[in-house]
Amino acid sequence: MSQESADFSASRKTGRSRVLAGAARGWRIIRSNHLATAGFLIVLGLVFVAIFAPFLAPYDPSAQDLDSTLAPPSADHPLGTDNTGRDILSRIIFGTRYALAIALVVVTLETLIGVSLGLIAGYYKGRVDETVMRGLDVLVSIPPLLLAMVIVTTFGINIWNAMLAIGIVYIPMMSRTVRSSALSIREETYVQAAEGLGYDSKRVMLKHILPNAVPPIVVLGTTDVAYALIDVATLSFLGLGIQPPKPSWGAMANAAQEYILVTPWPIVFPTIAIAIAVLGFNLLGMGLREVLLYGGDYDEVVE
Amino acid sequence: TGGDSGGSESGNGGSGDGKHGGSMTFALGGSPTNLSYWQSYDTVTNNLTTQIWDSLLEYSEPDMELQPALAKSWEATDDTTYVYELREGVTFHDGSEMTADDVIASAKLTLRDEAKSPLAWMFGAVDNFEKVDEYTVRVNMAEPDASFKYVPATTAWSVAPKSQIDEKGTDLAQEPVGAGPFKLDQWKSGNYVRITRHDDYWDGELPYLDEATFQIVPNGTSRITGMKNGNYGGTNDIPIDQLSVLDQIDNVELHTVTSFQTSHLVFNCMEGPFSNTDVRRAASYAIDTKAITESTVGKYGSHAYSMLPEGMMGHVKPEDLEYNGFPYDPEKAKSMLDDAGFTGSPRFETTLMTPKDTVRQKPAIAIQQYLSEVGIKVNVKKVSQSTYVDTIWGEEDFSKRPGLQMTLWASDFPSPDAIIRPLFDSEQLPPSNNWFGYQNEKVDQLLQQFKTTLDTEQRAQYAKQVNQIVVDEAPGVWIFHPDTTKAFNTKFEGYAGQIPAFVTYFSTFLRDMYIAD
Amino acid sequence: MVSGQTVGYLLKRLGFGVFIVWAVTFLVFALLQLAPGSPADILLSGGVVTEEMRRTVIEQYNLNEPWYVQYGLWLKDILTGDLGYSFAQQRPVATLIADRWAITAQIVGLSMVLATILSIPTGILAGYKHGSKLDLVLTVGAIVGVSVPVFVSGVLAILVFSFHLNVLPSGGAGTGVVGRLSHIFVPSLLLGAMIGALMFRMMRAGMRDVLEKDYMETCTAMGLPKRKIVIKHAAINALAPVLTVSGLWIGFLIVYSMVVEYVFGMGGLGRLIIHAVEAQDAPVVLAGTIITAVVFVVSNIVVDVLYTKIDPRVVIGGQN
Amino acid sequence: MTPPLLEVDGLSTHFKTAEGAVKAVDDNSLTLHEGEVLGIVGESGSGKSTLLRSVMGLVEDPGEIVAGSIEYRGRDLTTMSDAELRELRGNDISFIFQEPTAHLNPAYTVGDQITDVLQAHTDLDSDERWERVYDLLGRLGIPSPEERAESYPHEFSGGMAQRVCIAMALACEPELVLADEPTSALDVTIQAQIIDLLTELQSDLGLSMLWVTHDMGVVAETCDTMGVMYAGNIVEYGTVESVFADPKHPYTEALLRTVPSHLDTAPRFDTIEGSPPDLQNLPSGCVFQERCPDAMEVCRNERPPYYEVGDEDGWVSKCFLHEGNPTRSASPSAPEPSAPLADSQTDGGQPTDREGDR
Amino acid sequence: MTLLDVDGLEKHFTVDSGFLSGLLGETRKLKAVDGIDFSVDEGEAFTLVGESGCGKSTAVLSALRHQHPTAGKVRFKGQEIEMYSKRELRSEAQLIYQDQQDTLNPKMSVGEAIAEAIRFHDIVPDSEVDARVDELLDRVGISPGDKYQEPSAFSGGQKQRIAIARALAVEPSLLVADEPVSGLDVSVQAQILNRLMDLQEEFGLGLIYVTHNLGIARKISDTIGVMYLGRIVEYGDVDDIFENPQHPYTQALLSANPIPDPSVDRDRMVLEGSMPDPIDVDETGCPFAPRCPDATAECETADMGLEPFEGDETHLVDCIHR
Ligand SMILES: Nc1ncnc2c1ncn2[C@@H]1O[C@H](COP(=O)(O)OP(=O)(O)OP(=O)(O)O)[C@@H](O)[C@H]1O
Ligand SMILES: Nc1ncnc2c1ncn2[C@@H]1O[C@H](COP(=O)(O)OP(=O)(O)OP(=O)(O)O)[C@@H](O)[C@H]1O
Ligand SMILES: [Mg+2]
Ligand SMILES: [Mg+2]
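Chains as they are written, first to last, in my numbering: chain H, 56 to 358; chain R, 356 to 872; chain E, 2 to 321; chain C, 442 to 799; chain G, 119 to 440.
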């Protein structure tokens, strides 16, 4: 018993130090590329804003002031107000939360489902691979946004369905990437060696293939978040995504196009926010691609 | 065509009075689904269909009097009989001449099942149509219906040649053949509909324009931009927030007029907290409808005290009412809610369903805010038009309906018939239009009298009484009557101004328009 | 090269393409069946509905059958060339599509052309000179390019170029060659820039990979002129990965052209599909997805065939 | 004696990395006469390819020639412009690479690729170019050259692809051929074919060759002179016969011992203990000192110069064991810049200050 | 005692040859291994030599059930190999691969890699694993202190030694080394091969060594099989075969091998062409006949098979002219 618990704490400690080492390594990777650093700082900024939104926002994002609607930027409302007099800055600040929620959902779905499917297909090859890939081919043959639109209308237009739909449509790309990595990694000698040691397939997949397929996953995951942000915004813009009065950027832009000729600010600022967030993830993804896929020890190239 | 400006003077004018000739590009806010008269029931389609189809009667502008069109005279011989004398020598687009058979066949087409006409109900009280002679049609009613007199002026009873009806049936919706001032030339669905002058129009001089193109431009900003740049000769359905922009453009004249539409909040009067009249009244006090009106429609609409706008019989003012039309008073609202036993925090939670357009959505969001200030938590549920339609008409179980819904109701006639009768009669619960679930025997009784009485003075009395009772019992919160708007390039003249609009009737505005020198 | 093997391969691809298209329709059909609201009510929306009317409609559209029977019937119609009848628009789907496909095809085509013109030369340049200032400028430009959603750039373009400057048509698709071009040029440019940014990134990455290849060294060692090395030997090989995904982009372009059509108010397929999705107008949505799937499948086959021209190692039907 | 065709003097090529410079080639000199085959042997990573690439100007970022000169017929290649180099490459000097298939562009037929070279360097018109291609391929033993010229690289086996590469290299009748392990990727039976082919062509055309390999057997069978490379340094240089018969550098000696031969019946493998030094942190003295059985104190501190060894002209060894023998001409960047060139040549001894060390 | 006995092993790959021919049922067979026999005794070293693509790797991989053979019997320690579970078999017979660069998972420290193998096969109690890892590393000449490093920190030779340590960690009775040193420098090769020979002797392992390097084959093996196109064409005692090769292919192979001695002047026997693709091989006759300098008309139709050379049961040749 004591032996066990000692082991446990030891492994926990190494676990933590490994996390720290991993973080340090991650930071080193990011630091080594300007694009990645810029992107990472933007993303970090978004996280900060999202967490501290209530403290940063000068107003309640849904508080309306029907006396000062469509106000231009001023000292009171640094980014102006919308057509019900809500403070645009505050709404943009709270909108960060939606952007990050989208990022989270997409990443979660991609990794949980996309990576597993890709890993299984790439590992087992043959018929399993065929089946999984043909299934994904079907999904891929419907353009992502269209599929998302159908899913959303089917299950109801709301924020969760919009995010889930976008998450789902990004799964095939991730699976394909992971699969092609897995296919090549499984032919690597070290995987052959692991098989040669008699290891079971779960161990081989999780301990020997997956860790080596991480770089393309990270890169693709990051850039996919960027595209997902655009897609959700577009969906919202078409009125099929996140719905007003939720302060999501796309929904704000959607609402604002109705009075863009009166004042352009309510559409300009949220879209700048979208562009910055997308830019952040894109830069991070591109930077990581440079380091993880071209630089250092990695010479695999995935697009 | 289209080209740089919304119109061009092509000069092959008819009678040399300088008014004839030229064309107009009209920017339409949405795609017409079809060009039938029997299904024309929306603000997009009717703009177009009224150019192609003519009805027996029409309204004079702007005083809303019924006046002859395809019928040269009409008469209510008794409570249940209407006789229409048809104009002779009216030529359809296919060259045939109009007779009583055509007129009867046209009404019957609206009544066919496969026509799926949303207007069929207008003939609800009709027993039969009778051909008296080639140019006389008699309508025999099963029961008196005071509002029937308006029906021949609506698109429910536009006239098509019987031969076409027999041959094509509802396919006429795709290839309309009417007696209107313009006939269909080309229809590129989703893009444009082009109509050309009907040379044998019954009113010899008219129409002036040779051709008009209805360009489908769903984006309001683009429509305004096109107006500014002179790409379009006219447009409608301007987003409320941007009306002021259009108003300020030099070469554009904006026509606005109070409409017979009412934006209102519907309480679920049968289930949940709002089945309590006091809670409804409290909520009515909690909402500053004047502020919402101001911020939503501004000067392009008017504040509503009831479903009936000023100028319509039965209209009420605060001073006519027990509760003075619920002026904004959140404190009073709170104490009333306390009294009703809703004291928690939040006091209760409910759902507000709304479609997506600004006119309904913006008030919905404001209402959410106002109600939260008195402790009622409102979840705004924005739904697609189809879900909306599904719920408001389809859901008959009130316990499954949302507590609140935003609705914009428009009258089909310049009388309260198409408002108070369908909305507040306890017989009219969903799938009909009483989505309030409002039931009041006194009201039912008054409505019956209102329907069957033909005397206008009397009817006005009944209408006002109903309205007073209803408003005080607050089955809904009445917010505003939005104006309807049309804008034209200043070089087009002859637009007679608009009468307060209701859905089934838009004048064939193009008929009288011409290009100024 | 056009051997029995090639024909066989094409048959196989086509067979698989048919399967894909079928599966797509099945999936979409199933999804639409799951959607709330019965098609009958959607059909009848907007007025007072009698039970009798409801029944008529239900019978007319076989709505009382179980969904798989409906699907079967629908499939049968499709196979006989009947795309069905639009619930919401009350017109045959085929007519709707016939009226609109050209605009979408033109936007997609023009944006593909513009994207290619914008991205391939710059991608070659940036990849060849990677790490240089020029590369950085182009790369950052491309990232910014993909970071601005096309609906935003569209709306802003209308605001600035149409409303304030009056140099652009404000909406509609225009008629005649010149009119059409003047209407679709800017929308296609925006769309093309977005796709072009993606293509640029791939082209650049492709160039970088190719430049690392051993045969590039052969070119230098044999003293070939620089232009020949870059264009003949490097760019062609770098184009291969771009080409493989260009099939994907066609689908991407079709949907994003929806957004563009929506913003610029053009009545193409895209807007038709968006409205149909909103209205749950199943026949139109299905037809729309079939079209995109068919275009997708066909363009991917074309891409595969083209690919063998670039990379002769890939023999059609061969084991590689 | 004819003036040398290629004269490399004090060549150093380093790769700049974050952790410091990788001294892949460090102060090497060699001379190649017309019609001669010079073999460079050495283990993996010893800098053979880098040396060869430096001659051709193919060293790429982060690599850089940091010192020395490479004279081809008296013209210094290191200072030539790109355009001038392009004239020479493929025309006067050609290259044959180790992996033939990877060095052919998969997108074009081999004929196309060979005509590209001809187009770049000759005035032949298209027909003449193709004639020449058929002729070349035929001479290199490729059956039905007209057909094979239309084939793509992947349709060739390794041996055949290498013939194509050789054809490309010889297309413009170069004087000097640089061959970087042209047979190492091939099977023994194929390797034998290619070796025979190259040897034959070399003597037929009077080619001069710089032949890099790690296979002592190949050197023994093909080359006239040889250089033995270790950790960026050519540690011994001389005629093949002499070096094999009596290696003068401990590394050469050890290397010859360790090469397993199928004729060798000893039960165990001979080894050199230890491993080659890290090119980023070369020891201060002799690069082989850590593994050298004869290492002396001086080896730890000083980089040895080339000592002339044996009776033969030009046989040199970078080893202090031959201290006292005359040193060979040092290059401008030789380890002892202070030592005057004339000095070391005339008095033949090691520089004086080293003596003081002892 | 015989450790591994391979009898009539065949491994054919089916090559996809396009859709139409697939429809017509025309699948093409690639005979990577076409009926070979060999056996390895405890403590014996057996080498397979031959050119690239002749089927060496496939032969050992399918013998040990890393791939499924098409036909043939394999007995391990006297028992049908099918009787062993995957785990049992893998702990009895271990493979060392050619590519030292990639033989270890780059994301796992080398100590962990070895420990994983020990734990998975339950070689020692968990508490002794660490000590065992250290011991093994020490045996192959790697400092146990380096066990926390990831593989990238080691040179090729070191990685190959670590791979050997890991293979030995499961205490196998048979070691299969598939060109384990071909990418390494000669001096490093020699170090590893010496160590391998020592360990083999010490543990009394059976060793199957796969190489195309005749020099290594000569030293490391007791018996040797020369493969050509999926068949063993000559089989026997290593010295016997090297000094007295009988099959023309063996002779050519030995002759093609360059001799690091410029003073040896010899007439090389250079074969024409290259080994054909195993897909295109004729069903009958001697597969080497098209390249064979001694080929006669008979060779194209003869029944082939390993026969004792001049009655010597330890030297088998597959050539009708011997
Ligand atoms: N781009 C580079 N960056 C850093 N170091 C390099 C680079 N290219 C080569 N090197 C280093 O230079 C040294 C010499 O490499 P080179 O390829 O010349 O060796 P070689 O003798 O040809 O070896 P091999 O027999 O393996 O071909 C090696 O240690 C190598 O790691
Ligand atoms: N999985 C496979 N599918 C199809 N063919 C295969 C497969 N594995 C091997 N082959 C073919 O079988 C033949 C023998 O291959 P094998 O790898 O056994 O040769 P080898 O003698 O080990 O060669 P090398 O020395 O290059 O390792 C080759 O022609 C190869 O192409
Ligand atoms: Mg090399
Ligand atoms: Mg092998």
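No lab work stands behind these hints, which were simulated from the structure alone.
Be aware that one or more of the hints could be misleading.
As the list claims (entries may be wrong) - Pair by pair, the computed Cβ-Cβ distance ranges are:
1) C:Ala707 with H:Arg189: 37 to 47 Å
2) R:Glu750 with E:Leu35: 17 to 27 Å
3) H:Ser256 with G:Ser381: 38 to 48 Å
4) C:Asp502 with G:Asn362: 52 to 62 Å
5) R:Glu750 with H:Ser256: 24 to 34 Å
6) C:Gly515 with G:Asp355: 41 to 51 Å
What the hints assert, rightly or not - Residues from chain C that keep clear of chain E, each with C-beta distances beyond 10 Å, as calculated:
7) Ser522
8) Arg530
9) Asn532
10) His562
11) Ile583
Said to hold, decoys possible - In silico lysine to aspartate or glutamate, DMTMM-like type, Cα no more than 20 Å apart, as pairs:
12) R:Lys645 with H:Asp184
13) E:Lys214 with C:Glu525
14) E:Lys214 with C:Asp566
15) E:Lys310 with C:Glu572
16) R:Lys732 with H:Glu250
17) G:Lys225 with H:Asp115
18) E:Lys13 with H:Asp184
19) R:Lys504 with R:Glu782
20) H:Lys257 with G:Glu169
21) E:Lys227 with C:Asp502
22) C:Lys457 with E:Asp78
23) E:Lys229 with C:Asp566
24) E:Lys227 with C:Glu525
25) G:Lys225 with H:Asp122
26) R:Lys732 with R:Glu812
27) R:Lys732 with H:Asp184
28) E:Lys227 with C:Glu596
Source: prediction; values computed, not measured.
Yeah, the Cβ is synthetic: ideal placement off N, Cα and C, and Gly gets one too.
Does aspartate 184 (chain H) lie within 20 Å of lysine 645 (chain R) when you go C-alpha to C-alpha? violated, 64 Å
Has the hinted range 41 to 51 Å been met by the Cβ atoms of glycine 515 (chain C) and aspartate 355 (chain G)? Since the Cβ atoms of glycine 515 (chain C) and aspartate 355 (chain G) sit about 59 Å apart, the hinted range of 41 to 51 Å is violated.
Are glutamate 750 (chain R) and leucine 35 (chain E) spaced within 17 to 27 Å by their CB atoms? holds, 19 Å
Hint consistency between lysine 732 (chain R) and glutamate 812 (chain R) [alpha-carbon to alpha-carbon, up to 20 Å]: At roughly 44 Å apart (the allowed maximum being 20 Å), glutamate 812 (chain R) and lysine 732 (chain R) break the hint.
Return holds or violated for the Cβ distance of aspartate 502 (chain C) and asparagine 362 (chain G) against the range 52 to 62 Å. holds, 55 Å
Mind checking the alpha carbons of lysine 457 (chain C) and aspartate 78 (chain E) for me, to see if they're no more than 20 Å apart? violated, 70 Å
Looking at asparagine 532 (chain C) again, its CB stays over 10 Å from all of chain E? violated, 6 Å
Quickly compare the C-alpha distance for lysine 227 (chain E) and glutamate 596 (chain C) to 20 Å and report which way the hint goes. Cα-Cα ~27 Å, so violated.
Would you check whether the claim that histidine 562 (chain C) is not at the interface survives, using Cβ distances to chain E and the 10 Å cut-off? violated, 6 Å
Minimum Cβ separation between serine 522 (chain C) and chain E greater than 10 Å? holds, 13 Å
When you check the alpha-carbon spacing of lysine 225 (chain G) and aspartate 122 (chain H), does it fall within 20 Å? violated, 62 Å
Would you check the hint for lysine 227 (chain E) and glutamate 525 (chain C), treating anything up to 20 Å between C-alpha atoms as holding? holds, 13 Å
Hint compliance for this structure: hints 1, 3, 5, 6, 8, 9, 10, 12, 13, 14, 15, 16, 17, 19, 20, 22, 25, 26, 27, 28 are not met, and every other hint is.
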